[in-house]
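Model the full structure from these sequences, guided by the hints.
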Amino acid sequence: MSGMDVEKVTKRFGNVNALRDVSVHFDPNKVYGLLGSNSAGKSTLLNVIAGRIFANEGAVRMDGVPVPENDSALRNIFLMSETNLYPGNMKIHRALKWTAKFYPDFDEAYANRLAAEFKIDPNKKIKSLSTGTRTIFKIIAALASNAAYLLLDEPTLGLDAENREIFYQAIIRKCTENPCTIIIATHLIEEASVIFDHVVIVKDGRIIRDESCEELLRKGREITGSASAVEQFIQDKTVLGVESFGGQKTAYCLGEFNSLSVPEGLRVSGMNLQKLFIRMVHSQEEGI
Amino acid sequence: MQLVDQIEYGILSGVFPEESQVPSTAEISLHYGINPATSLKGINQLVDRGVLYKKRGMGIFVAPGAVELLTEKRKKDFYGAFIRKLVCEAKRLNLSQEEIVSMMDRGFKE
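Top line first, the protein sequences correspond to chains H and A. According to our numbering, the first sequence is numbered sequentially starting from 32. According to our numbering, the second sequence is numbered sequentially starting from 126.
One or more of the hints may lead you astray.
Here are a few chain H residues that face chain A, going by a calculated C-beta distance under 8 Å [said to hold, decoys possible]:
{"id": "1", "residue": "Y199"}
{"id": "2", "residue": "Q200"}
{"id": "3", "residue": "I203"}
{"id": "4", "residue": "R204"}
{"id": "5", "residue": "C206"}
{"id": "6", "residue": "T207"}
{"id": "7", "residue": "V225"}
{"id": "8", "residue": "I226"}
{"id": "9", "residue": "F227"}
{"id": "10", "residue": "D228"}
{"id": "11", "residue": "E295"}
Hints were generated in silico from the structure; no laboratory data involved. Just so you know, even glycine gets a beta-carbon here, dropped at the ideal spot from N, CA and C.
Written out as structure tokens, the structure is:
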């Protein structure tokens with residue numbers, strides 16, 4: 032298994048370039064955070080990978096084999112998205128059985144366990160479900176499909192705090208018991224960051240960052256102190272942004288920091304993934 | 126890494142005595158809600174430092190001598206972690222060395 036490769040993919044909708052020459056690799060059995068502002072191109076990328084829409088240029092390959100219109104590859108990809116592909120009158124338990132017809136490794140017992148954990152009633156009709164409950168149903172279908180690639184587009188839409196916690200725990204358990212590649216597009220960056228191995232950031236149809244989550248968190252630093260001291264210190268650093276607060280300045284930087292080389296009077300602290308994300312997306316320099 | 130800190134603290138405080146088994150990476154991941162790869166890295170770091178060791182097919186255990194190892198390491202880190210910060214803050218507040226020493230005396234007596 033060599034993983035999933037997106038190679039130089041461009042996708043246009045009319046005059047809009049939703050993806051521009053995107054290349055990215057997804058390793059087997061890792062959890063990816065696919066991050067980006069609204070309409071950055073996250074959903075388009077997931078839809079192209081899953082073969083629901085076709086790229087104008089470029090290729091998607093799974094273990095070297097082209098994915099589009101390739102049934103055996105597509106059986107290994109499950110895309111959970113906002114679109115509801117199930118008939119509204121269908122009951123949850125029937126819909127899950129139906130999913131099993133498309134995904135030969137579907138695990139019904141696991142689906143039932145998840146339904147019990149999330150406390151949803153499998154006898155309800157899909158059209159009667161609230162946003163949150165519909166999300167739960169989709170999560171269950173996705174996880175139980177046991178596809179090698181789970182693409183989850185906003186899997187926490189409408190979920191309350193307790194159900195989000197159950198969701199993250201379910202992902203962790205899946206990773207240890209029956210690993211697969213999981214790509215999660217989410218706006219709840221901070222709380223989801225603990226389950227990411229790797230982070231891919233999309234901006235205006237391009238990938239501006241593709242790095243291990245741990246590496247990224249290690250490099251991101253917030254430096255606070257008097258304006259002159261901060262300016263002096265960040266001269267040779269990659270600066271994502273600077274904010275002033277009276278005579279005090281805070282600089283957001285990326286790079287290697289030796290805590291002993293920090294001059295007296297400056298405070299250096301880490302940045303969480305959400306802060307880093309916002310800074311990187313706002314930063315003018317791309318690809319830093 | 127927070128996980129490494131927590132386990133070190135557990136060993137130093139006696140929650141995980143030497144030669145006792147620590148939770149598996151799967152259990153750690155679920156407990157702390159973190160990615161299994163991250164837990165594994167943390168555990169491997171402690172194994173590399175000789176704090177933990179793996180028994181094939183049995184799990185992960187606290188190494189004999191781990192408490193001393195961690196105590197020595199923390200003693201070494203003491204200057205950077207506490208004294209340097211303390212002196213920095215004392216200077217900002219114009220506290221003299223004598224005043225600090227007398228506070229230390231008080232601290233040890235209490």
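Hint check results:
no.	hint	in the structure
1	Y199	holds, 6 Å
2	Q200	holds, 6 Å
3	I203	holds, 5 Å
4	R204	holds, 7 Å
5	C206	holds, 5 Å
6	T207	holds, 4 Å
7	V225	holds, 5 Å
8	I226	holds, 5 Å
9	F227	holds, 7 Å
10	D228	holds, 5 Å
11	E295	holds, 6 Å
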